[in-house]
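Chains as they are written, first to last, in our numbering: chain A, 1 to 335; chain B, 1001 to 1335; chain C, 2001 to 2335; chain D, 3001 to 3104; chain E, 4001 to 4104; chain F, 5001 to 5104.
By construction, these hints were calculated from the structure, which means they are not laboratory data.
Ideal Cβ positions, reconstructed from N, Cα and C, are used throughout, including at glycine.
Mixed in with the good hints there might be a few duds.
[Said to hold, decoys possible] With the Cβ distance kept under 10 Å, some of the chain B side facing chain C (calculated, not the full set): (1) Leu1008; (2) Val1012; (3) Ser1019; (4) Gly1033; (5) Asp1040; (6) Ala1193; (7) Gly1206; (8) Pro1210; (9) Ile1218; (10) Leu1221.
[As the list claims (entries may be wrong)] Straight line, CA to CA, 20 Å or less: simulated PhoX-like cross-link-like pairs of lysine-lysine: (11) A:Lys177 <-> C:Lys2035; (12) E:Lys4103 <-> D:Lys3007; (13) F:Lys5004 <-> F:Lys5103.
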Amino acid sequence: MDLLLDFLTRFVTQFQSPSLAFLIGGMVIAALGSKLEIPDAIYKFAVFMLLMRIGIDGGMAIREADLGDMLLPAAFAALVGCLIVLVGRVTLAMLPGVKTEDGIATAGLFGAVSASTLAAAMVMLEADGIAYEAWVPALYPFMDIPALVLAIVLADLYLKKRKAGADAKVRIWPIVKESLQGSALSALLLGLALGLLTRPDQVFEGFYDPLFRGLLSILMLIMGMEAYTRLNELRRVAHWYGVYAAVAPLAHGLIAFGLGYLAHLATGFSPGGVILLAVLAGSSSDISGPPTLRAGIPTANPSSYIGASTSIGTPVAIAIGIPLFIALGQIVFDI
Amino acid sequence: MDLLLDFLTRFVTQFQSPSLAFLIGGMVIAALGSKLEIPDAIYKFAVFMLLMRIGIDGGMAIREADLGDMLLPAAFAALVGCLIVLVGRVTLAMLPGVKTEDGIATAGLFGAVSASTLAAAMVMLEADGIAYEAWVPALYPFMDIPALVLAIVLADLYLKKRKAGADAKVRIWPIVKESLQGSALSALLLGLALGLLTRPDQVFEGFYDPLFRGLLSILMLIMGMEAYTRLNELRRVAHWYGVYAAVAPLAHGLIAFGLGYLAHLATGFSPGGVILLAVLAGSSSDISGPPTLRAGIPTANPSSYIGASTSIGTPVAIAIGIPLFIALGQIVFDI
Amino acid sequence: MDLLLDFLTRFVTQFQSPSLAFLIGGMVIAALGSKLEIPDAIYKFAVFMLLMRIGIDGGMAIREADLGDMLLPAAFAALVGCLIVLVGRVTLAMLPGVKTEDGIATAGLFGAVSASTLAAAMVMLEADGIAYEAWVPALYPFMDIPALVLAIVLADLYLKKRKAGADAKVRIWPIVKESLQGSALSALLLGLALGLLTRPDQVFEGFYDPLFRGLLSILMLIMGMEAYTRLNELRRVAHWYGVYAAVAPLAHGLIAFGLGYLAHLATGFSPGGVILLAVLAGSSSDISGPPTLRAGIPTANPSSYIGASTSIGTPVAIAIGIPLFIALGQIVFDI
Amino acid sequence: MTYKATKVVIITEKIIFDGVARIIEEAGASGYTAVAAGGKGSRGVRSSGRPAVVDAFSNIKIEVITSSREMADRIADEVAAAYFENYSGITYLEEVEVLRPQKF
Amino acid sequence: MTYKATKVVIITEKIIFDGVARIIEEAGASGYTAVAAGGKGSRGVRSSGRPAVVDAFSNIKIEVITSSREMADRIADEVAAAYFENYSGITYLEEVEVLRPQKF
Amino acid sequence: MTYKATKVVIITEKIIFDGVARIIEEAGASGYTAVAAGGKGSRGVRSSGRPAVVDAFSNIKIEVITSSREMADRIADEVAAAYFENYSGITYLEEVEVLRPQKF
Ligand SMILES: Nc1ncnc2c1ncn2[C@@H]1O[C@H](COP(=O)(O)O)[C@@H](O)[C@H]1O
Ligand SMILES: Nc1ncnc2c1ncn2[C@@H]1O[C@H](COP(=O)(O)O)[C@@H](O)[C@H]1O
Ligand SMILES: Nc1ncnc2c1ncn2[C@@H]1O[C@H](COP(=O)(O)O)[C@@H](O)[C@H]1O
Ligand code: NA
Ligand code: NA
Ligand code: NA
């Protein structure tokens, strides 16, 4: 009982985070019909800056890290990415009114990762003084790529089976390549490489890092506005998407939290790391996932998966998921 | 005599302000035919940042302010906004060669408020070490909305009277709503709400505030370039617009200065606050006013009011108005 | 022998500079087919910021400088600009497979100056603690304008001679004006004027200067991506362009280094100044040069000169030229 | 095999885009395409892209493909009647051929 | 003196631009012109310019001038066949007159 | 009730926009509309929007509606004569119908 109360208190405290405030602010002004527009160039630039910031920092951390420590968390990240898609395949994609390939694509998007959600969690952890290995954000691609690849492969298998006859093999490398070449992963990997191989400390500390928090606030605002704007799109598809999008971020996060806890026991994975792993799992991709899926599963209706992710999945992941996983971590690890 | 000399010295000193220098620099390079272009995305973003900076700061200040102190200045702001439009209605709009609705629209624009002019004054006050209540810039909408609404209502009345017969009531709420939903007011109000209801101190101090002065310098440059570019447009309309645009910012500012002085006597409104109130009055809207008026008084010719405001009104308000009101404040309040 | 080893060590050390790393990173991700896009608005803004930073700093320096000291370096800058074009006229433009006017335009572009290359050198000099007179970057137009003007005049003379008959005089002022009005030079000159005539210290130190290094890293990334993307264009023209573009930056830099050394002996021009003069000479224009030449020598094929400059000239100037001139300076001036 | 259809083009101020879109939808068109534009007409230059302090006044070019000539005429007439007294703008029609008439 | 030519217009999702361009080139067209567009059709609104979290889904309008009517038909047919089952898009043809037929 | 008019379309390098606009105005046209464009032609790809180090070389598409066919021909001819030897570009004409012929 006491524990529950403690948990609730911590949970509620997280709501005062400015990241959440900007997200909710964006939803409110969109709902009120505001004509405020953040130029697309600024949005793209802010995302780029976030990913470079995460990448460079991760790269510099890996330089000094014991690579062995990364192994288990990375494996768990990949495992979670696949698990999410498989669970979606046998739940959402089977539901009445949900076209199978639309359901699979949605599961793929929820298995993939959102850089802004990740960044919001990093800022909130910092505010709470909860430490994590600096390479944890670099687990991003380990979860993102397997999830997208598996979703596309499953959709392909399903569609081919339906058409019968046709049984050409699904080729995996083109999907991985497409994913790596997307703007999000290539910025992150570029940052990683720069952090790992060169000495960008000065430009990191004088530019990428100090602008991080501010640009994140702007991204949160945009995500909030987008979430509201796209609600319409979601309304036109089956209600199951709404249910899935509300439940999945939390369920996925809890699965990842459990696996992260195992890694904590096994190799001393940090509490902050466990929380971030849960956030990665709970987040759904907003930038590079959609085009990859659009090209990989062209028959799937983008309104279903983008609507579910942008208008419900992401707000739930940020506004409920992150506070939940942090509060859980504080209780579990007694920090 | 001594007083006048003192005044003039102070007036001239203000001219070394970098804000003015960027404004004049912009006019000069435009006049010299420079092909320099600041991308529109950067312009929009800079305006957004300014308004958020002003809003958040105001919101945080209101949190701790005695709301009673705001009452009189807010009422005076609204009064000045209306007064400006009424004065314009019986002067400019009556002049020969000036189409009545064009004159009313122009008065509306001069009654409304410019965020960049306001920001320039804030920076100059800071340079002079003149303090003001941090909520003063948040008086913006109290002057802006009444001015725009009144102008649209007056134009409507005039046009309906001319057409005779038709006497459908003018509906005020749609105009207020349109104004609140515009990009400028919604950014300002969003900032206010965030400052008032959440704890954005860190992101304010690490992002919105430090970039304020620099982005303002870029805005000043753009305003200068625009002022020169739009001179042509003004040339095509009656000369009276030029006269009005040159005189109005100073006259309006002086009226507001007087009312602010009353507030100073009555409730201890700060000298810096009185000066900023004058600046608000002297400024004319450049971002949200024009589209509101274009939609609200469609028969008015935008070349007349935008030309008058952008190419003469704003430069006069910034380059002469601000130094004038500051010097006046220094003399009157002996600071 | 020892000297050579020393030189090579210093040369190699320069390769760890983050500016180079971003340049190479850009080339690599472009080669790997990355879809990363930095919005054009950000690119334009970054260039503007760099030029303002250089201009304002130069202007503030000139305020306190002994103008006499600038005379010789400025004269040498102009001399080098012309020399480069003349050398290109009698080498590249004479080669088989190279259309004469294409060769002249290419020489003009290599005689002109690149702000990003200059900025990269400034950051690298700073990292090495090598000082230079703050007005040196302001030598930019002294080399840029003469090179572009001379190239256009030479092309005109050539084309008119070929057409015989026609011998209307070539008018120089329009070319100079076009060049001064271009976005690059007008930003630089605006900055210079603001630095010289006003007191922009605060906005310089709080905005233009701190963002310099970070925005440069982004520019380097873009230049790298562009260099790779444009290699195709170069492939379609004669191979001689590739040879010229690889050799010219180093040769031009060495000529300028020699002249700078003379200025060092004669008037005590600083070692850092000599190095920067070499960098100016070694760089080739990427922003304002191409449109000026496109308008001034319309018959020349832009694929040849832009391809040569962007895809080979600039990477060579930054990745080999700057380290080379710095290492040379360290040896020659024993710093 | 192609079918005749009519394209209505409307070039006008961005600020009235929502109103024009409403007219198009109410006329029963199956869709429209819009492109940002600059231009010069009887009411002066309208820029697009560069930092106009008053960006709302740049132009937009809207195209509607209609399978019925009457619908095309109605859209053009209604837009002109509703806006072109006060807002700058032009409108014109073109004959085009479409592949799948049921789309329009 | 002008010559008849056919213009093919394709308005579709930006994400398939590369594929459409390949079809155009393989059909032997001498070039094409592309413009960023927004729009509304049977599959909903596609914005352009404003910060869409999923920008890849805004529209593009592609024009190809061809000197042969067959080539125009082929391009229109192939694009429709390859993409319009899964991607939103329309295509139409117009008769135009060119000055220098050898360009196309 | 509509009236025949001719539309001239010019797709060319942005850098010569001012010169083309001058030709259009001197020919007596009542206005023009310009749209940023990318494209591919005999002289290679011209991008628009993405960070081109040399942005001045992206394309622009200019449309002019003229009430007289002669004016249309003159504009097309003069632009081609003045620029198309050295600059890349194409131009074509289309028949359109306008509602208010006095506008053009
Ligand atoms: N003759 C024309 N040809 C093409 N576009 C035109 C023409 N006249 C006007 N326009 C376009 O229509 C807009 C409004 O025209 P106006 O109402 O005449 O100011 C202009 O900004 C141009 O974009
Ligand atoms: N009737 C129409 N007129 C003009 N453009 C259309 C029309 N219908 C569709 N479009 C354009 O084609 C795109 C795809 O249409 P759809 O496949 O119907 O979603 C839309 O986003 C519009 O840009
Ligand atoms: N066949 C074509 N169809 C449509 N646009 C074309 C065509 N050929 C060329 N263009 C456009 O005209 C521009 C210049 O063409 P060019 O002079 O052939 O390089 C190209 O960049 C395209 O935008
Ligand atoms: Na996920
Ligand atoms: Na005012
Ligand atoms: Na050079």
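Broken hints, by number: The structure breaks hints 1, 2, 6, 7 and 12; every other hint is satisfied.
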